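Visitor: For the record, the sequence lines run as chains B and S.
If you use the working numbering, the first sequence corresponds to residues 1 to 447, in order.
If you use the working numbering, the second sequence corresponds to residues 1 to 447, in order.
Since the hints were made in silico from the structure, they are not lab data.
This one's a predicted model, so the numbers in the text were calculated from it and none came from an experiment.
Among the hints, a few may not be true.
Copies of the same chain are indistinguishable here, so a pair counts whether it falls within one copy or spans any two.
[Said to hold, decoys possible] Straight-line Cα separation of at most 20 Å, EDC-like style, residue types lysine to aspartate or glutamate; simulated pairs:
| hint | residue 1 | residue 2 |
| --- | --- | --- |
| 1 | 28 | 352 |
| 2 | 228 | 199 |
| 3 | 71 | 4 |
| 4 | 125 | 35 |
| 5 | 71 | 3 |
| 6 | 89 | 5 |
| 7 | 125 | 101 |
| 8 | 214 | 398 |
| 9 | 31 | 87 |
| 10 | 222 | 64 |
| 11 | 56 | 161 |
| 12 | 228 | 213 |
| 13 | 274 | 61 |
| 14 | 71 | 87 |
| 15 | 71 | 90 |
There are 2 protein chains.
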Amino acid sequence: QIDEEVSKLLQLKAQLGGDDGKHQFVLKTAKGTRDYNPKQMAIREKVFNTIIGCFKRHGAETIDTPVFELKETLTGKYGEDSKLIYDLKDQGGELLSLRYDLTVPFARYLAMNKITNIKRYHIAKVYRRDNPAMTRGRYREFYQCDFDIAGQYDAMIPDAECLKIVHEILSELDLGDFRIKVNDRRILDGMFAVCGVPDDKFRTICSTVDKLDKMPWEEVKKEMVNEKGLSEEAADQIGEYVSMQGGMDLAERLLQDQKMSQSKQACAGLSDIKLLFSYLQLFQVTDKVVFDLSLARGLDYYTGIIYEAVLTQAGVAPVTTEAQNGAAAEESVSVGSVAGGGRYDGLVGMFDPKGRKVPCVGVSIGIERVFSIMEQKAEAEVMYKKNPKLLSQLQHCEESGIPLVAILGEQELKDGVVKLRVVATREEVDISRADLIDEVRRRTSAA
Amino acid sequence: QIDEEVSKLLQLKAQLGGDDGKHQFVLKTAKGTRDYNPKQMAIREKVFNTIIGCFKRHGAETIDTPVFELKETLTGKYGEDSKLIYDLKDQGGELLSLRYDLTVPFARYLAMNKITNIKRYHIAKVYRRDNPAMTRGRYREFYQCDFDIAGQYDAMIPDAECLKIVHEILSELDLGDFRIKVNDRRILDGMFAVCGVPDDKFRTICSTVDKLDKMPWEEVKKEMVNEKGLSEEAADQIGEYVSMQGGMDLAERLLQDQKMSQSKQACAGLSDIKLLFSYLQLFQVTDKVVFDLSLARGLDYYTGIIYEAVLTQAGVAPVTTEAQNGAAAEESVSVGSVAGGGRYDGLVGMFDPKGRKVPCVGVSIGIERVFSIMEQKAEAEVMYKKNPKLLSQLQHCEESGIPLVAILGEQELKDGVVKLRVVATREEVDISRADLIDEVRRRTSAA
Numbered sequence: 001q002i003d004e005e006v007s008k009l010l011q012l013k014a015q016l017g018g019d020d021g022k023h024q025f026v027l028k029t030a031k032g033t034r035d036y037n038p039k040q041m042a043i044r045e046k047v048f049n050t051i052i053g054c055f056k057r058h059g060a061e062t063i064d065t066p067v068f069e070l071k072e073t074l075t076g077k078y079g080e081d082s083k084l085i086y087d088l089k090d091q092g093g094e095l096l097s098l099r100y101d102l103t104v105p106f107a108r109y110l111a112m113n114k115i116t117n118i119k120r121y122h123i124a125k126v127y128r129r130d131n132p133a134m135t136r137g138r139y140r141e142f143y144q145c146d147f148d149i150a151g152q153y154d155a156m157i158p159d160a161e162c163l164k165i166v167h168e169i170l171s172e173l174d175l176g177d178f179r180i181k182v183n184d185r186r187i188l189d190g191m192f193a194v195c196g197v198p199d200d201k202f203r204t205i206c207s208t209v210d211k212l213d214k215m216p217w218e219e220v221k222k223e224m225v226n227e228k229g230l231s232e233e234a235a236d237q238i239g240e241y242v243s244m245q246g247g248m249d250l251a252e253r254l255l256q257d258q259k260m261s262q263s264k265q266a267c268a269g270l271s272d273i274k275l276l277f278s279y280l281q282l283f284q285v286t287d288k289v290v291f292d293l294s295l296a297r298g299l300d301y302y303t304g305i306i307y308e309a310v311l312t313q314a315g316v317a318p319v320t321t322e323a324q325n326g327a328a329a330e331e332s333v334s335v336g337s338v339a340g341g342g343r344y345d346g347l348v349g350m351f352d353p354k355g356r357k358v359p360c361v362g363v364s365i366g367i368e369r370v371f372s373i374m375e376q377k378a379e380a381e382v383m384y385k386k387n388p389k390l391l392s393q394l395q396h397c398e399e400s401g402i403p404l405v406a407i408l409g410e411q412e413l414k415d416g417v418v419k420l421r422v423v424a425t426r427e428e429v430d431i432s433r434a435d436l437i438d439e440v441r442r443r444t445s446a447a
Numbered sequence: 001q002i003d004e005e006v007s008k009l010l011q012l013k014a015q016l017g018g019d020d021g022k023h024q025f026v027l028k029t030a031k032g033t034r035d036y037n038p039k040q041m042a043i044r045e046k047v048f049n050t051i052i053g054c055f056k057r058h059g060a061e062t063i064d065t066p067v068f069e070l071k072e073t074l075t076g077k078y079g080e081d082s083k084l085i086y087d088l089k090d091q092g093g094e095l096l097s098l099r100y101d102l103t104v105p106f107a108r109y110l111a112m113n114k115i116t117n118i119k120r121y122h123i124a125k126v127y128r129r130d131n132p133a134m135t136r137g138r139y140r141e142f143y144q145c146d147f148d149i150a151g152q153y154d155a156m157i158p159d160a161e162c163l164k165i166v167h168e169i170l171s172e173l174d175l176g177d178f179r180i181k182v183n184d185r186r187i188l189d190g191m192f193a194v195c196g197v198p199d200d201k202f203r204t205i206c207s208t209v210d211k212l213d214k215m216p217w218e219e220v221k222k223e224m225v226n227e228k229g230l231s232e233e234a235a236d237q238i239g240e241y242v243s244m245q246g247g248m249d250l251a252e253r254l255l256q257d258q259k260m261s262q263s264k265q266a267c268a269g270l271s272d273i274k275l276l277f278s279y280l281q282l283f284q285v286t287d288k289v290v291f292d293l294s295l296a297r298g299l300d301y302y303t304g305i306i307y308e309a310v311l312t313q314a315g316v317a318p319v320t321t322e323a324q325n326g327a328a329a330e331e332s333v334s335v336g337s338v339a340g341g342g343r344y345d346g347l348v349g350m351f352d353p354k355g356r357k358v359p360c361v362g363v364s365i366g367i368e369r370v371f372s373i374m375e376q377k378a379e380a381e382v383m384y385k386k387n388p389k390l391l392s393q394l395q396h397c398e399e400s401g402i403p404l405v406a407i408l409g410e411q412e413l414k415d416g417v418v419k420l421r422v423v424a425t426r427e428e429v430d431i432s433r434a435d436l437i438d439e440v441r442r443r444t445s446a447a
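The shape of chain B in the complex, shown without the other chains (with noise of 0.2 Å):
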């Protein structure tokens, strides 16, 4: 917020600055947004060519809506996120707000044009006033990649769909390994109830939960009692349930688990999670999919599956400060979200004047992160040098805070094996080439 309050003083005081003849102009972008030079629009094409593909594959049509919508359109449907959402100045007019999603515009789209059944996909930018951390791949204007399916199918179908779509996608960017979380908002609202949360603290409860993948328990749980009321033994139920992760298998156990099954919201959730693995085989996408009670995604407008992708893979993206920050090395170190979505069945309705409800399900690709992975690989793959000395290499490494140097000389061709090099220490050890990637790997991975 001091920074924020800087740059506009220091935009102020260049307005005003003029009495030494000279205009002073602050040349930058806006917080939180970058210009594309032509390299990385060379790699954005590329990246949505293959999504578009896979969107194309499955049968979807685009449309487009405009950056901005009626205030009023956006009222409503974010929850706490809400005061994320850019206004526009009121220079006379209608009161405007650039979009935060796709969804919400889709969904004005639908009922507007009376349209009860459409698969469509939608590339455009978002607009959020979120604290930007921009070497990660989070900005304030943020391209969204989004397919959705609107109309009444039979049960878990569409919802399939999407998440094969995520698969097929996350699998052709080829950029390591992932996982899909895969939640049901009934199921948390299920938990909720039968772990004693009074009703009107159902969503504010979930927003606390959806924080779970960047605080650890304790202070969620601290979020639930302190700041939000909830009792401490309520708080320590939820604690229990959202630790669980597993397949079908722990949607049986739920099902039959004594609390839960009281709970007739939870096993309508349970059992359509049920259903969805079910489909899930027969795509061949189980491996990659989990159910995680501990999933909750912000916005307020899902009704039922909801789900998220991360990429399961550390140090694909620079996570340095974290790691100086001495946080505990784990297993997989989530690089954060890579794709969301779920279902929202209510949303349409809100929008048509008789309150006539059209079933959607969707999937969203948050492609800024996967740009940030293709960038730095672009930018390694090669070096203008004709001839270049190892020193100025293993400086250039030093300098753009690359860790690892696989140093392949003579006498390494020679003896199998590739000398590894810590950029940070300076220390050099021989691993044979069998042992190379899971070495690579290991280093990379710890803190």
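Given the coordinates of chain B, assemble chain S onto it according to the supplied hints.
Guide: Same frame as chain B, but now just chain S:
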């Protein structure tokens, strides 16, 4: 303005109107904006492919910039049009505005990255709080397709390439006949000087001249004299010059003109127009290019050559309201500008801390009008009836404002004629096939 206030009140009413327990929504897109449905997206893709193909053929790379810039970045670049800029609400942090064109962000990009040499294209939406006329393809959110050449080159060669590009694109898109008007800011300034316009009134008088494509000279003169305080004689002298049109010959004549030749600036501009035409002859595009002294273009940043392309065929876009107002019939009725641009050698320097200049010239294709025309064409192409009755077809024409129907029955086939029906008056006349095209052109270009 009343419309805007009413719509604002309706929105506020909708927000308040919760007494009946139901939230009322205004189900629309923001004023001056529209959604694209899948059919329109297909047309858009086709048009973009044509344009991008041409830009790439001419060796351009592409970049992208954020949809909003620091407000400061846009200040002082657009002259009297600045009032049309969309500002974002001050929600803490930087003061931001939506981009008004792609040229200023491009100049900011060049200065920020210290690029002195690039050929780039950029296709993206820009935002203007103008009075929308959506049936004629005038929106508040609209695409621009920009091609610009930055760098120090021999005079008029990049400028000629920009005109060649406009010629190629408009020919390929097959929108009917067009004209490219050319002028030079230095000729305008020189003309203002020799006509006795005070220095500090050049810009504002230039803005008034720019209205000549929408207003008759008498009204433009009135604005100069009554609103801008110019003397009657000065205005009349300007009136004489701005009625002049021609080619290289006109430039030569004006170089000999007793008054005009007194201005060094005007002479520099006129010599460059001559040089430009010599390159245009080599490119074989002089048939469509007119040196037109009434062309002014409103934006502040132009420093040399300016140009604007207009479609000259009436009837390709709906012009019903004008026609109903009884506007006088002209040989070729302009349906509005579809491309424009010019040289802006000072803009990048405005962003550079040391004022270092990077000469630039570019062109912007105003694609929304092209979309409107193509969509209308696409609409007309196929009727989804396997056996449509003549009467229902004629009714469809009356309802959708199609002006002429060509009827080709057995009798007409035998006689080698086509029956032409004027939908409005229901008058019918036989035309020989050879004369058909001329006749349709004559009837659609008349008021």
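Visitor: Out of the numbered hints, which ones does the structure contradict?
Guide: 8, 10 and 13
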